[in-house]
Structures are given as C-alpha cells and as structure tokens.
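> Sequence:
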Amino acid sequence: MDVPKDQITTLLDHGLYDSAQMLGCFLVSSSSATNAETSPYIKAENLVLLGDSLYGEKEYRRALYAYKQALQLCKIIPKQNSSSRSSLSTSNRSSSPNSMNISAINENEVKFKITLCHCALSENRAALAEMEGIPSKSRTLRMNLTMGKLYRHSRHNRAAVACYKECLRHCPYILEAITALAELSVPAKDIISLFPQTPNRSGRPPFDHFDSSRWLQRYVEAQCCIASNDYKGGLELFTELLQRFPNNVHILLEIAKVEAIIGRNEDAILNFEKARSVDPYIVTYMDEYAMLLKMKSDYSKLNRLVHDLLNIDPTRPEIFVALSVLWERKDERGALAYAEQSLRVDERHIPGYIMKGNLFLSLNRPDAAVTAFRGAQELRPDLRSYQGLVRSYLALSKVKEALYAAREAMKAMPQSAKALKLVGDVHASNSSGREKAKKFYESALRLEPGYLGAALALAELHVAEGRNGDAVSLLERYLKDWADDSLHIKLAQVFAATNLLQEALSHYEAALRINPQNEAAKKGLERLEKQMKGVDPDAPEEDEENEVDDADGEQEEGELL
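The sequence shown: position 36 = 44 (this note's numbering), numbered continuously.
Worth flagging that the hints you see were computed from the coordinates, not collected in a lab.
As the structure is a prediction and not an experimental result, all values here were calculated from the model.
The calculated PhoX-like cross-link candidates involving lysine-lysine, where the alpha carbons are at most 25 Å apart (straight line), are:
no., residue 1, residue 2
1, K145, K119
2, K240, K304
3, K145, K173
Please work from the sequences and hints to get the whole structure.
This is the structure in structure tokens:
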C-alpha cells in the first residue's frame, strides 16, 4: 500500500483534519486503490476515511459524496462477508463522522455519517430518510437522539416521542430528551417511569435512592411544569434545584428565561447577570437578556453584551436576535433583517419569531406579525406568542380572532394573571366591552396583586371613561409598595391630561431617577415642558421648519444648476 491507513487514522484521532483530507486524496487515488482488481471493500474503507476528514473540515457536501460512494461499494461486496462485517464492532472509534474502525465497515454507521452531513446542511428530510434505513435494533443512543430531533422537526411528534423514550431507557441523564418529551406533552410520571431500575454493583437500584434520583425527578417535574405553562410551579422546582446546585449556569438560565416570559424582568436580569458572572462566555438565552435590557432602556449594557457575544461566536442565532434588538432603535428594517437571519441559522429559534413579530408590529405590518407569532406558537406556545397574536389581531381590527387567542391563553394558563389581562385588553379595545375589561383586570389583580401590567391597564380604563380620580388613587396605592418608573409615567400622563402640570413634572422626574434611560419619561418630560411654557407640544419645531425651507432652497439651486 502506497499510503498507510493507520497514519490517516492517527491524524483523525488527533483532530488534524486538514492533513488527513490531503493524505486521504493520496489514499483514494493510489495505484493499488484504483486497480480494478482491488476489493471494493478496501476502496469503501478509503472513501470513509476521506469522508471523515472532510466532515472534520466542515466540507459537508464533499464528505457526503465520499460516504455515498463508500455505501455504493458496500453493496457490491460479496454477501458472504456481510455477516462478518455486521458483527464487527466499531467500539475502537466513536460513531461520529470523524472516526471509524478501519478494520471494519458498518453500513449503519456510514448511513449515520450521511445523516449527520445532511443535518449540517439543513437537509432534514434527506437526513430522516437515511436514518429510517437503519434497523431500530441497530440504532445507537446517539442515533436515537438524532432521529428524535429529526422527527420533531418534521412534526412527526409520536415517532419523536418514541425515539426520546428509547434514549431515556438507556440513559436517564439525557436532559435534552427530558426537555423534548416535556414539550411534547408527555407527563412527568411517564418520563420518570422510563428510568432504568436494574440493580447496580452495590445491589441497589440506581433510581430508587433519594440522593441519586430526587434531583433528576425534580428536573423532570420542573420542565413539565414550564411546558404546560405552569410557570409558578416550574420556578419553585428550579429554585429548589438551585439550592442544591448553587451557581448552576443551566438552572440560572432556565429560571431567568421563565422570569422573562412572565414579566418578572428585574429578577430575570439579575439571574442572567449572575449566570454571566459564573460563565462570561455563555451564549444560550442571551438574546432574551438583550430584550430585557432594551425594555429597561439600558443601552450601554446592551451594547457591551452584543460586543461580547460577537467576540464569542458570531454564527449563533442568539447573536442575530441580540443585534436585532440593538438595531431596533436606529433602523427597524435593519433589525428585521437580523431577526430573519437568526431564523435562517435555526428555523426553530423561538426568540427570532418573537422579535420578528414585534418588529412587524412596529412597522405597521400586523398581518406579517400574525405569521411570525404563529411560527413561535407552533414550536412552543408561551405567553409572549399569545400576547403578540392579540396585539396583531387588534391592530387588524379582528376582535373575534383576538378574543379567541386571548381565551386560548387563558385555557392554557388558567392560573395566569397575564392571560386574564389579555382577555381584558380585547374587551377594552371596544367601548362597549369596557365593563367586561374592568372585571378581567380586577380578577388579574386579585390573582396576582403585584401585577403592575393589570394595574396600569385598569388605570388606563378609568381615564378612558373619564374617572381620572380613580386612576390616580389606584396608581398612588401601588406606588406605596412598588417604586416603578412605569407607574410614575402613567401618573404623570394622567396629571398632564387634567392640566395638573406641576404634579406631572414631579412624576416624570421620579421616573427618570429610577431609570435615567427611560425613553417614554424623556419624551413625556420634553412634551410637558412645552405645555408649561404655553407652547403647543404637537406643533412642529422652528428648526424643523427651517430644515424644510433649506431643503427646498437646495432643491431649487440644484434645478438652476
């Protein structure tokens, strides 16, 4: 042999894929390899090694071609060799495309390598077709997990559940399989029942002992709570886990994500910051953190976050959503392009759909916003997708559809004050439904007395019906317990509308003391100062008029020239 195979294997084992693929070219083109009398089995082995090196170099299309050629050659190998080949183990090397025992070709392993190439190229249908050609009894743990993901992507949920369950029967610690089953509506008790109960070396079943199993069962229960929109129950269980595993980055991020969804923004920000202090290079859920910083108008932190993320890994979908959040204030169309790019990187990235929907609403394209929020909902319905749908339908004056979406949220989250408020928002959009809206807002506040969103909505309703005194009383009552800038802004707006300008001024200033970056407070204060000077705040500025005149003058000069 002109080129020793064991040298390529050594290069692959050490991750030297560039050298391996160059040497692989020599291997498959050597005179002995191309000889008509050379066994197709040897040629197939050579092509698999070349494919492994190309996969390591991320040249997936070339690797795919090499693997398929190898598989074609396997089909013409005499049948008497097939039984010995299928029985040979590939335990000396892992089942990744970068490794294969050169003494044997397992066709199922080659098919799996082809699958991984298709996955890397986002060709999920072709990947699934390849996986279905591998007999179920021959599938490894990694094969079953990959197949579960592919079935889920193609919306074959029942088949996906079967694959994920098979994974947990072999290893209960595959946390992504647990999360996937929870999101596919498998009850916690059914997931826990999959955990193997065979005795270990000490003669004790591994999952009936308190210390070894309780945390994993709690994790299952927490994920099932979150998936069923029982955010309160999920947070309690995750908090319990955090006490046992302090500074656990994964748990901190899960807690922060849920807090962001239910509107506990300050708590979410603190937990995201704690996770980053433990691991400053984390990217997971950082787009959620970016959205919170934007809502808080903390643009200096948002700028630093995006800068850090770009230096960590500029290819992740979270980075593009964070860029979209940053650009929203400057250029909404540019921000939309970033949100769309996040979905091109990962078509199942929910924050990308949420961001896209919100941007379409800002651009006055509620019909497109509906499509974006529906995309998020199909992947995993949560409060934000319901809120987006309600806002979009109301912008389209489709009150019936908005009410249906709000009621769906209420059914999915019967103990959620936010869902009750959504129904109230739909009724409040019509003057004839304000009494119903009031009842829903009051019910939301009884369920969650600290829910400022419902308090602000109820105050808005009082103002709409001319009960400014009731609005002021309500907001001042909440200010005694919650020093929140949004309460001060709403009070300032009510006072300004009733011409109590000094009181309005003090509340705008109080809002800016709490959050100096609050854009609504800055604009409100600027408007109020004009009112106090006796200037119409809606009249165009003199500078603006001059700018228009100058522009006209320049146009005339251009025509003369």
